[in-house]
Amino acid sequence: MVDHPIVETTDIKAAVDALKQKFPDAIQDDTRQGYGGIIVDKNHLVEVAAALRDEYGFDYLSSATAVDYFGISDHMEMVYHAYRTSGGPALVFKAQTPRDNPEIPSLINIWPGVDFQEREAWDLYGIRFPGHPNLKRILLWEGFDGHPMRKDWQEAYYEEDHKPFESRWPDGWVHRAEERNVYGKNVKYPADFDLSKLSDQSEESLYANLGLGVSVQELTDKSHIKTDRLVVNMGPHHPSTHGVFRMIVTLNGETIETLEPVMGYLHRNHEKIGERNTFLHNMPFTDRLDYLSSMGNNLGYALAVEQLLANGARYQPPTYRAECIRVLMVELTRIVNHYWAIGFLLNDLGAFFTPALYAIAEREKILDFFEATAGSRMMCNYMRFGGVFKDLPERIRGVASRMNDLVRDYNTMEYLTELINERIPQSIDELDEYLTDSEIIKSRTIGVGYLPPEMAIAYSTAGPLLRASGVLYDVRRADPYSIYPELDFDVAVRYNGDIYDRYLIRLDEMRESVRILKQILPRLERTAGEPFFAGNKQHTPRVPLGEAYGRVENPKGELGFYVVSAGDEKGPQNPWRYHVRAPSFINLTALGPMCIGHKVADVVAILGSIDIVLGETDR
Amino acid sequence: MYGQGILKGLWVTFRHFFNTYVDDIRYAGRKYFRQENFPIRQGLKAQGAFTVQYPDEKLAVPERFRFTPFLVVNDPDHPEAPGEDWCTSCGICAKVCPPQCIWIVRGSDPTTGRPVPQPTAFFIDIDICMNCGFCAEFCPFDAIKMDHNYELASYDRTTHHIHDKQHLSRPLSYWKNIAPTTALEEAVARGGWEHPDVLKAMKKAGQTAVTPTWENMFAKPEPPARPLPPADAADEDPAKAERLRKREEALARKRAAEAGEPAQPAVEATAPAPAVPTGDKPKFDKQAMLEKIRQRKADKG
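Chains as they are written, first to last, in our numbering: chain H, 1 to 619; chain Z, 1 to 301.
Hints are computed from structural coordinates only; laboratory data are not their basis. Warning: the hint list may mix true and false statements.
Chain Z side only, calculated, beta carbon under 10 Å to chain H, not exhaustive [said to hold, decoys possible]:
hint : residue
1    : 25
2    : 26
3    : 62
4    : 66
5    : 95
6    : 105
7    : 125
8    : 130
9    : 298
Partial list, derived from the structure: chain H residues whose beta carbon lies under 8 Å from chain Z [stated by the list, open to error]:
hint : residue
10   : 310
11   : 367
12   : 371
Beta carbons: idealized from backbone N, C-alpha and C, even for Gly.
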């Protein structure tokens, strides 16, 4: 065997075979029903990962997450999805650990992008990662009792393991959950717990690793203040953070030395809720992740579950019309999202809300179309497993109110045609004209927040952030789904990796989306009247056993859903594991390194250029 | 020259400011009130921004717009069963509801204890409802629909936000008003304007239902429209009666097993459900409900 054989193929099997030759003891196939990939002995995990990255070209770690097989095989495992930035499918590898005293070596030196994801696995599953320099809770507060994603952990207001709950029908006398769990009596303490001795260590631990040179006690101790260095808490309530997000910034003068993001203020354990839900129940919940692009979230989840359903006998793939409608919706969503991203970037630069409102004026027309088709402007809940909720309406027709029954009425296709051919391109050009050559924008953004391409890949960033750094990676082309292979569009890429390029790439992507939409319109006309759904709609489908990872190129980056169907032999109705690989969350890994050396005002702009939504970050 | 950028920026602002008034001038005095101008103001041909004077004016919501669910009942002028529920208390909406905000008490015959296709009580906790529309989408009887009324604010969330059957019920004509196209599509799929069960009974009796069209949408059903569905179908069909009996036995065994008691014969176990007041039509009784909740609490210890 040669020392460094770079395997020049997109074939995953070749890489796996070579890897098995190299590490015969450490690797075995995952032979569970419906599973794929390899199981790596955790003692060799770091070597195998290093070989994967350096010798076989899997330089991009998309997702790392934990699963608890409590009651099935009583172990926990970490699941990693590694990709090549040159494109192709995933190499899935897993490492298993017993449930008591779970420990898996950290991969942070191979792919720094696992930083937040390993912290999340520690936080929610209690798996320790020896080698991780900063292993503390990320979504919950330091001092939280237990690890909530473990299968045997029960939340407040716990009713049953799985929905639908028995109490709702046929004997559903209503009661409010809070009646059973009265305020003031809804907190449980361990038997030997002394409330009076409670102290919050979380702030202290947040500051511990920042390298301040001073301890917090000294800073708060008024007797000797040394203030050449300064800690500033930006957020959680700050207009620049797009929600409740906090950055602990250490300053030297006005220059940033370190920046640590603190999140979890909007945490609701979306994934735990997802495991209580049935497969279909999760669909409207995905709307609430990145609430600006709910159609994209719907599509990602539908793709994941469809992959699982495809293992079953009676599965029918979505019809061609359904795919056309899906792409139409997703690309309109991308435009909507980028209007917001650009508008808010200008907000963050200090042009308070005038540019943002100009940018979102056209968004209103797109949302009107969503409302007429899906029933809601933002929480669309439109995709189903095997198609969409309903076909496009023939007419967009609405009545103002019962008192004032003025009617507005348009032909849907005419509305769409005018929107896509006239209004949207016009407004993109308008934004371009106002902003691109603006002196103020150029001087605030060019060269600020530079992210080199190798770092962008290492930190697992995705979407516009990755492509503005010169990495030509777009899931729609690299690992295609739906009808994207037959559509003619280019992957936008820019090479300077600063805020200005991230702004420009969003304009480019909107123009590419318009190009896609123009190809979708004739397809919609051609398929008019064809079924928008394959087979029968089922409200509680039994999903065949197995695992699936559905990934889509969402406006903010790669959105992945890792769904495991396990347990019931007949095919479970509820997902065993439902994990969201949220682009906003993982893109934040790169925030700290990007900000070092810049001024406080630039942090706001850099954060704006990543374009996060806290509903997705905190989940 | 300094200051050019500022002037250019102000010019953009001024142009947008001016555009807000272009349509006002073009449709002077009749901009909001004339039927034919309304779509122009709220559509793609509109120029500039304009303010909707809520709550005096409202934006037009499209037919598929969904807010909280409501229950469809027969119109009050229905010749045979005015105000009758379309809901058969089959429980599918309660099962597909993602946040589990729908609570249904299945109706049962006060003498035999058998389930009857009508809900005794129906609750929706609108604090919990996430407006997803699954209940309306999967209801096999078109009996639950998404309302357009989004003005649900009240002063006390603890008393006003659980909507009971009376609060939720709306006549079918209301649905035809707010979503005519969808109502027509559904009626065509059912094969008539009536409830699916009624249509089935009519088909059995050899009658044909009126084909739904735009024209007869609000027409009253013909008075001698149909025979009522047999009060207890089981009496006529021995096979069905047998099935029902077996099912009840199984249910009784299940209940007994849950209660940790030895299985009892079916006859004793089919006692009428507690807390259902006997009478012609079981209706929601708050006292009974509270009693039941207390009872359940006590049982759980």
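Hint check:
1. Hint status for residue 25 of chain Z relative to chain H: violated, with the closest Cβ pair at about 20 Å, above 10 Å.
2. Violation of the interface hint for residue 26 of chain Z is found here, the shortest Cβ-Cβ separation to chain H being roughly 17 Å, above the 10 Å cut-off.
3. With a cut of 10 Å, the hint placing residue 62 of chain Z at the interface with chain H holds, because the nearest CB-to-CB distance is about 4 Å.
4. With a cut of 10 Å, the hint placing residue 66 of chain Z at the interface with chain H holds, because the nearest CB-to-CB distance is about 4 Å.
5. Look at residue 95 of chain Z: its Cβ gets to within about 4 Å of chain H, closer than 10 Å, so that hint holds up.
6. Contact between residue 105 of chain Z and chain H, as hinted, is supported at the beta carbon level, the nearest pair being about 6 Å apart and thus within 10 Å.
7. For the restraint placing residue 125 of chain Z at the interface with chain H, the shortest Cβ-Cβ distance is roughly 7 Å, inside the 10 Å limit, so the hint holds.
8. Nearest Cβ of chain H to the Cβ of residue 130 of chain Z: about 6 Å, under the 10 Å cut. The hint holds.
9. At a threshold of 10 Å, the smallest CB-CB gap from residue 298 of chain Z to chain H is about 13 Å, leaving the interface hint violated.
10. At its closest, the beta carbon of residue 310 of chain H sits 23 Å from a beta carbon of chain Z; the interface hint therefore is violated under the 8 Å criterion.
11. Look at residue 367 of chain H: its Cβ only gets to about 11 Å from chain Z, farther than 8 Å, so that hint breaks.
12. At its closest, the beta carbon of residue 371 of chain H sits 6 Å from a beta carbon of chain Z; the interface hint therefore holds under the 8 Å criterion.
When held up to the earlier numbered hints, the structure conflicts with 1, 2, 9, 10 and 11 and fits the remainder.
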